[in-house]
Structures are given as structure tokens and as C-alpha cells.
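A.B. asks: Turn these sequences into a full structure, and let the hints guide you.
Counting the sequence shown from 1 gives a position; this note's numbering is that position plus 1.
Read the hints as simulated data drawn from the structure, not as lab findings. Hints are all accurate, no fakes.
What follows is a list of derived Cβ distance ranges for each label pair:
#1 83 <-> 23: 20 to 30 Å
#2 2 <-> 25: 28 to 38 Å
#3 47 <-> 23: 23 to 33 Å
#4 68 <-> 37: 28 to 38 Å
#5 3 <-> 48: 43 to 53 Å
#6 76 <-> 2: 12 to 22 Å
#7 19 <-> 60: 16 to 26 Å
#8 67 <-> 88: 30 to 40 Å
#9 3 <-> 39: 45 to 55 Å
#10 43 <-> 68: 33 to 43 Å
The C-beta atom is built at its ideal place from N, Cα and C for all residues, glycine as well.
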Amino acid sequence: MTQGDVLAVCQEAIVVTLKLAAPLLIVSILIGLVVAIFQAATQIHEQTLTFVPKVLVIALLLIVLGSWMMTLFSDFIHRLFEMMAAL
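C.D. replies: Structure representation (C-alpha cells):
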């Protein structure tokens, strides 16, 4: 395995990681922004007010996108194992 192959695997791992994390992080940021605007408008500063909506939306998002995420990750792992077996 050459240095270029190792760099290609590392690059693909980073891309897969970003694809898996991006939807969850983007939705979490948007929910946090909406809750922060709500808190600023109502002067309610409760810690659970930011935590509970994020947990619920992230759980729902994992249910909706879970199969796609597992397929993406397992495809990457299969390619990685095929490369290792080819050595």
C-alpha cells in the first residue's frame, strides 16, 4: 500500500465522517438558534429548554436518517476491508 493509498483512505474517512455528522450538527445548531431567540424574547433562561428539544429532534432525525447513515458507514467499512484483504 502506497502513501497515496493511505491518504486516499484517510480522505474518504474524513468525508464519510462529515457526511454522517453534518445533518445532526446542522439541525442541532438550528434548534439551538430557535430556542435562543425564544429565550431572548421571553426572558426565560432555563437549561432544560435548550436540551430537551435538541434531544427530541436529534432522536427523530436518527430514526429518519439511521438507515442511510448505516448504509454509508457499512459501505465504507466494506471498501476498507476489501483493501486490507487485497494486501
